[in-house]
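Novice: Residue numbers (my numbering), protein chains in the order written: chain Y, 1 to 388; chain B, 1 to 252.
Hints are not guaranteed to be accurate.
[Claimed, not checked] Listed next, the in silico DSSO-like pairs over lysine-lysine satisfying Cα-Cα at most 27 angstroms (straight line):
#	chain 1	residue 1	chain 2	residue 2
1	B	K30	Y	K9
2	B	K63	Y	K213
3	B	K30	Y	K380
4	Y	K381	B	K140
5	Y	K213	B	K149
6	Y	K345	B	K180
7	Y	K213	B	K140
8	Y	K212	B	K16
9	Y	K213	B	K222
10	B	K16	Y	K381
11	B	K24	Y	K381
12	B	K180	Y	K381
13	Y	K381	Y	K212
14	B	K24	Y	K380
15	Y	K301	B	K140
16	B	K22	Y	K381
17	B	K22	Y	K380
18	B	K140	Y	K9
19	B	K149	Y	K301
20	B	K180	Y	K212
21	B	K63	Y	K380
[To be verified] Every beta carbon over 10 angstroms from chain B, so not counted as near; a handful from chain Y, in silico:
#	residue
22	I40
23	T55
24	E85
25	G109
26	L113
27	Y122
28	F386
It should be emphasised that the hints constitute simulated quantities derived from the structure, not laboratory data. Even for Gly, the Cβ is constructed at its ideal location relative to N, Cα and C.
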Amino acid sequence: MRNIWLLFKKEILAALRDRRTAILVIVFPLVFYPVMLGLIFHFSSQSVPTEESTTSEVIYVNREASPVLAEMLRSEENVVTTFYEDEDAARNAYEGERGDVLVLVSEKGSSGLKIDISYRQYDQDSEVGVSRTRTVLEGYLERTMRQKLESMGMSYEQISPPMEVNVNGTGDAQTAIGGEMLKMMLPYFVILSIITAAMGLGAEITAGEKEKKTISTLLVSRLSREEIVLGKFLTVFLVASVAAVFSVIGLIYGLGFFGVELPMESLTFGIFVSILFTVLPLVALLSSLVIGIGSFSRTQKEANVYQTPVLMLVVLTGILSMTGGIDFGNIAFFIPLLNSLETFKELIAGTINLFHIAATFLTMVPLTLLFIYLAITLFKKEDILFRQ
Amino acid sequence: MNSKSIKVRTVDLTKKFEINRKEKITAVRKMNLEATSGEVLGILGPNGAGKTTALRMVSTILKPTSGTAVVEGNDVVENPLEVRQSIGYLATEMGLYGRLTPRETLTFFARINGLEEDRIEPRMEEVFDILDMQEFLGRKVNNLSTGMKQKLSLARSIIHDPPILIFDEPTQGLDLMTSKTVTDYIEEFKSEGKTIILSTHIMHVAEKLCDKVAILFEGEVKAFGGVSQLLERHGEDDLESLFFNVAEANNQ
Numbered sequence: 001m002r003n004i005w006l007l008f009k010k011e012i013l014a015a016l017r018d019r020r021t022a023i024l025v026i027v028f029p030l031v032f033y034p035v036m037l038g039l040i041f042h043f044s045s046q047s048v049p050t051e052e053s054t055t056s057e058v059i060y061v062n063r064e065a066s067p068v069l070a071e072m073l074r075s076e077e078n079v080v081t082t083f084y085e086d087e088d089a090a091r092n093a094y095e096g097e098r099g100d101v102l103v104l105v106s107e108k109g110s111s112g113l114k115i116d117i118s119y120r121q122y123d124q125d126s127e128v129g130v131s132r133t134r135t136v137l138e139g140y141l142e143r144t145m146r147q148k149l150e151s152m153g154m155s156y157e158q159i160s161p162p163m164e165v166n167v168n169g170t171g172d173a174q175t176a177i178g179g180e181m182l183k184m185m186l187p188y189f190v191i192l193s194i195i196t197a198a199m200g201l202g203a204e205i206t207a208g209e210k211e212k213k214t215i216s217t218l219l220v221s222r223l224s225r226e227e228i229v230l231g232k233f234l235t236v237f238l239v240a241s242v243a244a245v246f247s248v249i250g251l252i253y254g255l256g257f258f259g260v261e262l263p264m265e266s267l268t269f270g271i272f273v274s275i276l277f278t279v280l281p282l283v284a285l286l287s288s289l290v291i292g293i294g295s296f297s298r299t300q301k302e303a304n305v306y307q308t309p310v311l312m313l314v315v316l317t318g319i320l321s322m323t324g325g326i327d328f329g330n331i332a333f334f335i336p337l338l339n340s341l342e343t344f345k346e347l348i349a350g351t352i353n354l355f356h357i358a359a360t361f362l363t364m365v366p367l368t369l370l371f372i373y374l375a376i377t378l379f380k381k382e383d384i385l386f387r388q
Numbered sequence: 001m002n003s004k005s006i007k008v009r010t011v012d013l014t015k016k017f018e019i020n021r022k023e024k025i026t027a028v029r030k031m032n033l034e035a036t037s038g039e040v041l042g043i044l045g046p047n048g049a050g051k052t053t054a055l056r057m058v059s060t061i062l063k064p065t066s067g068t069a070v071v072e073g074n075d076v077v078e079n080p081l082e083v084r085q086s087i088g089y090l091a092t093e094m095g096l097y098g099r100l101t102p103r104e105t106l107t108f109f110a111r112i113n114g115l116e117e118d119r120i121e122p123r124m125e126e127v128f129d130i131l132d133m134q135e136f137l138g139r140k141v142n143n144l145s146t147g148m149k150q151k152l153s154l155a156r157s158i159i160h161d162p163p164i165l166i167f168d169e170p171t172q173g174l175d176l177m178t179s180k181t182v183t184d185y186i187e188e189f190k191s192e193g194k195t196i197i198l199s200t201h202i203m204h205v206a207e208k209l210c211d212k213v214a215i216l217f218e219g220e221v222k223a224f225g226g227v228s229q230l231l232e233r234h235g236e237d238d239l240e241s242l243f244f245n246v247a248e249a250n251n252q
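Start from the sequences and build out the full structure, keeping to the hints where you can.
Specialist: Structure (structure tokens):
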């Protein structure tokens, strides 16, 4: 243990003096990722129109078909209605995006109306406009029905179902948005911080040792090959863990800085401990993988090439977890990498599922041990260690 | 020469490398050498003769394919950790950690080579004095000159005060001044009673330092013995002539 500790201390000292480590462990998680995420949130929240802030422009054709409906639409709050007689001119205006919604009204039968509504599905302003138009049409329908029923000696209330619907929004919308963002984004950025920190350092202290020919000085010391690999693994593990912690701090403060309120009260001590049991195996697995790759590679450059698929796999898993693209059910908690991210998401949402935590832990730890064993085996192979 | 004073002995030491699945090359073939205390054994040969491979086997970096080497009574295959504690190894490449200072480098290597904590500081001071390193102890290795780096490499190999020093091409790539400094230190280590095995293809370095030489061609020892005995046996005046004489015989 003493030898592992000595090597670990030496590696940490050298890593601390490396500008690249500082960038990957401090600048990326504490500054770059939070700023990036904050800006995404800032601009996306600005571009989302709200009912209150948006004025919908409705292009309406054939006012004469129903002056009542035309008037109702004209007098609707936050709706500006432009009336056209000529359908082609109205369509041109709609296609030229001079209106959010196109309403074509024509007579149907003796007293009926046919109404065609067009809106742009990709345009959020247009969606708000069509929603408002629908509300006006529902009002018009109710009014017409009342009039017809009254002429038949019946009241609208008599035939309408005895039902009252009240929709109430609950909770703080800002905090809910913040919680969702944290749940969705944090695991992804944490795993990204871990892998970027582990990759740079891992390649340098394994393949880099061979490239710079410092490896023989370790091989003729009293360090065993096992101690060399474990010392290096612990170095990458610590640095990547620090990067993970910094990315959590960075994102929480970063999102707060950009005005996203987070549900911090749900992050209890139990959740914190559970997060450790979920994230540390993830750090260990990625660290051991990086050390294994570095032990096989002749140069740092070669190690970086072999690391690329791992990085892509991590990014893909992160995106999968972030978007919830495929529903694996409980199997997700036995899929390495994905299980950590999914459990992490649950924990951020305030749910401690011991089965998921245990499944994650028990899947990741044996795999980590396997990669460490492989790295030791590679370190014992002369044809790998001194490959030309 | 009595058997107790033998510090390093190789017995039919052989190393084969696999080039591909079908082809193997023999880098060192049945090497039998020995070096006693206070003796400098030079391994001479052209590039690719097997000098570095032989030294790496004696240093436990490589495992012999067959045969063995015994260093300070310990077999290199059976007791590699004990062997490592009794040797100081200087590779052809300096292999230094650029972001550490010389003091940090030496503290690290003193510890991982098993020097007791209370002996580290006094031993470091001793080594700093021997190699005249005081002026650059606090600088990062990346900022040192080649000569300073070579001094540090030497210091690293002797910091745990091993009885046996193995130097692979210790003057390669050095300017004349630095090269002379290194050879002077090797003489000093010799005068301290250390056993030194060094490889070189620079004959005047070997002539100046070595008590015994082994001349290697294509992995085989073609001549081995005391320098004066070999010169006498082959009727030559200096090592360079002897080397070419052996080389010629090898080519025939």
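Novice: Is the hinted pair Y/K212 and B/K16 satisfied, with a Cα-Cα distance of at most 27 angstroms?
Specialist: holds, 25 angstroms
Novice: Checking one constraint from the list: CA of Y/K301 to CA of B/K140, max 27 angstroms. Satisfied?
Specialist: Satisfied, since the Cα-Cα distance of roughly 24 angstroms is no more than 27 angstroms.
Novice: Hey, B/K30 versus Y/K380, does the alpha-carbon distance stay inside 27 angstroms?
Specialist: Holds: B/K30 and Y/K380 sit about 24 angstroms apart, inside 27 angstroms.
Novice: Please verify whether Y/K213 and B/K222 have alpha carbons no more than 27 angstroms apart.
Specialist: violated, 30 angstroms
Novice: Would the hint linking Y/K345 and B/K180 be met if the CA-CA limit is 27 angstroms?
Specialist: Violated - the C-alpha atoms of B/K180 and Y/K345 are around 66 angstroms apart, more than 27 angstroms.
Novice: Please work out if B/K63 and Y/K213 have their alpha carbons no farther apart than 27 angstroms.
Specialist: holds, 19 angstroms
Novice: Given the hinted pair B/K149 and Y/K301, is their Cα-Cα distance within 27 angstroms?
Specialist: holds, 25 angstroms
Novice: Would the pair B/K24 and Y/K381 pass a check requiring their Cα atoms to be no farther apart than 27 angstroms?
Specialist: holds, 16 angstroms
Novice: Once the closest CB in chain B is found, is it more than 10 angstroms from Y/T55?
Specialist: holds, 62 angstroms
Novice: Holds or violated: B/K180 with Y/K212, Cα cutoff 27 angstroms?
Specialist: holds, 25 angstroms
Novice: Any Cβ of chain B at or closer than 10 angstroms to Y/G109, or is the non-interface label fine?
Specialist: holds, 88 angstroms
Novice: Does Y/K381 pair with Y/K212 here, judged by a C-alpha cut-off of 27 angstroms?
Specialist: Distance of about 19 angstroms is within 27 angstroms: holds.
Violation of the numbered hints given earlier is confined to hints 1, 4, 6, 9, 12 and 28; the remaining hints are satisfied by the structure.
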